[in-house]
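A.B. asks: Going by full-length UniProt numbering, the sequence shown opens with residue 1, and the numbers climb by one from there.
Keep in mind that the hints were calculated from the coordinates and are not lab data.
Bear in mind that the values here come from a model prediction, so they are computed numbers and not experimental data.
Errors might be hidden in some of the hints.
Said to hold, decoys possible - Below, simulated BS3-like cross-link-like pairs (lysine-lysine); rule was C-alpha separation at most 30 Å, straight line:
id	residue 1	residue 2
1	Lys196	Lys142
2	Lys148	Lys164
3	Lys72	Lys202
4	Lys196	Lys61
5	Lys142	Lys28
6	Lys111	Lys2
7	Lys148	Lys28
8	Lys142	Lys2
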Amino acid sequence: MKLSMVITAGGQSSRMGSRKDQLSFRGKCLLDLLIDRFKSISSELIIVANEPVVMFEPMIKVIEDVECFKGKGPLAGLYSGMTEAVNDYIGLIACDMPFASAELVQFMAAKMEEEQLDAVVPSFQNRLHPLLAVYHRRIAEKIEQLLKEDQRSIKALLAEIHYKKISPDELPDSISREIASILFNMNTPEDYHMAKMMMQKKGDEHELCDHDGTNQH
Numbered sequence: 001m002k003l004s005m006v007i008t009a010g011g012q013s014s015r016m017g018s019r020k021d022q023l024s025f026r027g028k029c030l031l032d033l034l035i036d037r038f039k040s041i042s043s044e045l046i047i048v049a050n051e052p053v054v055m056f057e058p059m060i061k062v063i064e065d066v067e068c069f070k071g072k073g074p075l076a077g078l079y080s081g082m083t084e085a086v087n088d089y090i091g092l093i094a095c096d097m098p099f100a101s102a103e104l105v106q107f108m109a110a111k112m113e114e115e116q117l118d119a120v121v122p123s124f125q126n127r128l129h130p131l132l133a134v135y136h137r138r139i140a141e142k143i144e145q146l147l148k149e150d151q152r153s154i155k156a157l158l159a160e161i162h163y164k165k166i167s168p169d170e171l172p173d174s175i176s177r178e179i180a181s182i183l184f185n186m187n188t189p190e191d192y193h194m195a196k197m198m199m200q201k202k203g204d205e206h207e208l209c210d211h212d213g214t215n216q217h
């Protein structure tokens with residue numbers, strides 16, 4: 001099974017006061033950190049960004065939201081990535097999750113293929129995390145219809161499709177013990193400061209955030 005990764009880079013964040021994808025961690029911007037982490041598990045990487053992003057790697061596509069849905073949030077980003085993807089299995093990551101795990105995405109994609117699901121979404125402390133999840137391209141028309149009806153919530157999509165939520169006790173130990181940090185997302189400067197402290201405490205980012213067996217330098 002081949003996997004396409006869609007990273008929704010967004011743009012200027014009013015609460016953060018700057019672009020989240022350009023926040024620095026250990027000398028790298030967050031977008032580059034996520035690219036390094038996920039390119040080893042995917043045959044293509046698609047960055048959905050409505051502000052300029054420069055990439056020089058041929059496997060990476062940089063696109064904007066489909067024009068008629070521009071500015072309609074992560075659901076529009078997922079749809080726009082799906083329209084460009086060459087694979088049926090689409091991993092989605094919001095570019096505000098510095099500890100997002102490649103191993104978790106691989107696990108969810110395998111579960112989705114095994115059970116013929118439309119999506120697999122992690123659940124933690126009774127909360128779904130649909131912005132670090134795996135979706136099948138066959139739901140693109142359903143997403144398009146929701147966006148045309150101005151329904152922008154990914155949770156509205158989940159109500160319409162056959163998906164499975166994965167709780168920590170269903171995950172391998174290497175993932176479940178890190179799930180709180182894996183699903184941590186940043187909205188404010190305080191969150192960013194906390195993320196930097198977490199990364200410092202964890203030490204080497206490859207060893208403690210990814211566990212995918214590849215070098216992250």
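A.B. asks: Let me make sure I understand: some of the numbered hints might not hold for this structure. Which ones are they, in numerical order?
C.D. replies: Checked against the structure, the hints that fail are numbers 1, 3, 5, 7, while the rest are satisfied.
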